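Visitor: Residue-level listing of the chains:
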Amino acid sequence: MKAANISATDISKSFSIPDENDLLHVLEDIHFEIREGEFVTILGPSGCGKSTFLNILAGFEEVDSGYAICCGEPITGPSPERAVVFQSPVLFPWLDVKDNIMYGLKQLGKKKDESETLSLEYLEAVGLEGFGNYYPVQLSGGMQQRVALARSLVLGPKVLLMDEPFAALDAQTRYNMQQLLLQLWENNQQTIVFITHDVEEALLLSDRVCIMSKRPGSIIEQIAVPFERPRPISLTGTSEFSMLKSHILSRLLT
Amino acid sequence: MKVRMPENYERADIAGFILPVSLFTIWYVATQDGGVPAYLLPSPRDLILTALDFVTGSESLTPYAGTFSVHSLASVKRVLSGFCLAAAVGLPLGFLTGRIALAKTSLDPTVHLIRIVPGIGWLPLAMVWFGVGEKTTLFLISLAAFFPIYVNAAQGASSVSPMLVRAGRMLGANDLAIFTTVIFPAAIPSTVAGLRLGLGLSWAYLVLGELTGVTHGLGAVMMDARMLGNVEMILVSMIFIGILGRISDMILVGSFRKLNLLKRGFEE
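Residue numbers (the numbering used here), protein chains in the order written: chain A, 1 to 254; chain B, 1 to 268.
Note that these hints are calculated values from the structure, not bench results.
Only a predicted model underlies this, so the values are computations on that prediction, with no experimental measurement involved.
For glycine and all other residues, C-beta sits at the position ideal for the given N, C-alpha and C.
Check each hint, because a few of them may be wrong.
Stated by the list, open to error - List time: in silico BS3-like cross-link candidates among lysine-lysine, alpha-carbon distance up to 30 Å: (1) A:K158 with A:K111; (2) A:K158 with A:K110; (3) A:K98 with A:K112; (4) A:K158 with A:K98; (5) B:K258 with A:K112; (6) A:K111 with A:K98; (7) B:K258 with B:K77; (8) A:K158 with A:K106; (9) B:K258 with A:K106; (10) B:K258 with A:K111; (11) A:K98 with A:K110; (12) B:K77 with A:K98; (13) A:K158 with A:K112; (14) A:K214 with A:K245; (15) B:K258 with A:K110.
What the hints assert, rightly or not - Sample of chain B residues lacking proximity to chain A, with all beta carbon distances greater than 10 Å (derived): (16) G16; (17) T25; (18) G34; (19) L40; (20) H112; (21) V132; (22) L171; (23) A177; (24) R196; (25) D224; (26) M227; (27) I251.
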């Protein structure tokens, strides 16, 4: 068995509340492990600190106590190895789609023609061939999120950290994006940590579901998703799926 | 897939012409024989002739015939040097204040304290320090233009979305790259707004400075023409200052567009 790709041990995190001499305990003693190539979703009620946990894995936030380790090295800051897809696309509005995708390659010092070929390849992979010269504001929300996905994937990250990336999309676009993500994951086999509050999304996408408690958040249950891949949408109508879904919902509501 | 196209073309609207056309008509009628005397308000025809004469010197109507290029060049030079000085100090200080807490706490209160004093209030002191004319004008222009440039650059730099900075870091940008590829472009719209305000003020304070006594410049022509009782020349100078101010603004905005720094992408 390969070594755990990410392991988080005893992670706690508090924020100071402005104008008050008090601390908001967001995360308490989180233990979390994810294998190389595994797709894990984290489910939790809103405000439970799941985004904070992802930000710690991304290197945006520091922990108060505990360790977060990726590929054997402690996480000290953001890195293109751990690419993040945010809830909103957060594209650079002054760059066109192609330059947005090439941004990270430029920072790595890749040659221009090489980056251009790569960026076109990933533009095609997310189904946006021909949109390279458009500006983000000219694209719909779903298309922007595709660009954000391409911008991260083009760097060949080992880990993809996704913070409710499809929550703002309409049902149909969300389904398409989920299929796209699964297809890209099957091709590249990244490790994926995917935050969501949508139980169905978690069960359709991931190998394992981690359920977080209310604030201060900790992981209260982990469930290996038993369904075979590919998982068709009709799966959501089966009794096995419904029972698992209602079990998870009841855990979320307690 | 739907694509939103920008709708930024402007439609000429009849309503916009009603006011200027009626004002022009009233002016034209009022300055006919028996109306307002010419030493108070010249007729449109006289004004246009004086303006043409000022530029080409073909009619020799006034002592200023054909001197437009000399005076406007002097004025443009002053505006340009004063404005550039203000930008050279205001932009770096503004960006520092916008991004570094220490710079903000040590610099910002003092700058805003000085900003409260109206620019015109500096005129007497400037005349004591620099004498009348050239240096006073330069001082007044750069002082007045500094504040909007500084304030807007600081505002632009400080209000860059932290998410954009995170996105840049996650994609591998170091501190310098974050500044040049995220903070700077994201702050451009606000910064350009500040530069435009500063340029407008530069023209305003140019006139104030030139009124104190310089030999060449559109402000000097105005003051000189007032003493000669030549209202046409005062109005002509005002019009040319307006035109030059507008052209300089268009060049400023146009050059940022040309450098691909101002784009419709900013509508977000």
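Visitor: Hints first: check each against the structure and report whether it holds.
Guide: Against the structure, the hints come out as follows:
1. A:K158 with A:K111: The hint holds at about 22 Å.
2. A:K158 with A:K110: holds, 18 Å
3. A:K98 with A:K112: Since the Cα atoms of A:K98 and A:K112 sit roughly 12 Å apart, the hinted pair holds (cutoff 30 Å).
4. A:K158 with A:K98: holds, 22 Å
5. B:K258 with A:K112: holds, 22 Å
6. A:K111 with A:K98: holds, 15 Å
7. B:K258 with B:K77: holds, 23 Å
8. A:K158 with A:K106: holds, 19 Å
9. B:K258 with A:K106: Distance ~23 Å between B:K258 and A:K106 Cα, so the pair holds.
10. B:K258 with A:K111: Holds, at about 25 Å.
11. A:K98 with A:K110: Holds, at about 15 Å.
12. B:K77 with A:K98: Measuring from Cα to Cα gives roughly 42 Å; hence the hint is violated.
13. A:K158 with A:K112: holds, 23 Å
14. A:K214 with A:K245: Roughly 18 Å between the alpha carbons, so the hint for A:K214 and A:K245 holds.
15. B:K258 with A:K110: holds, 27 Å
16. G16: holds, 28 Å
17. T25: holds, 44 Å
18. G34: holds, 60 Å
19. L40: Answer for B:L40: holds, closest chain A Cβ roughly 52 Å.
20. H112: holds, 24 Å
21. V132: Answer for B:V132: holds, closest chain A Cβ roughly 46 Å.
22. L171: Nearest chain A Cβ is 4 Å from B:L171, so the label is violated.
23. A177: violated, 6 Å
24. R196: Holds, because the least Cβ-Cβ distance between B:R196 and chain A comes to about 18 Å, which exceeds 10 Å.
25. D224: The assertion about B:D224 holds, with a minimum of 48 Å to chain A.
26. M227: holds, 52 Å
27. I251: holds, 21 Å
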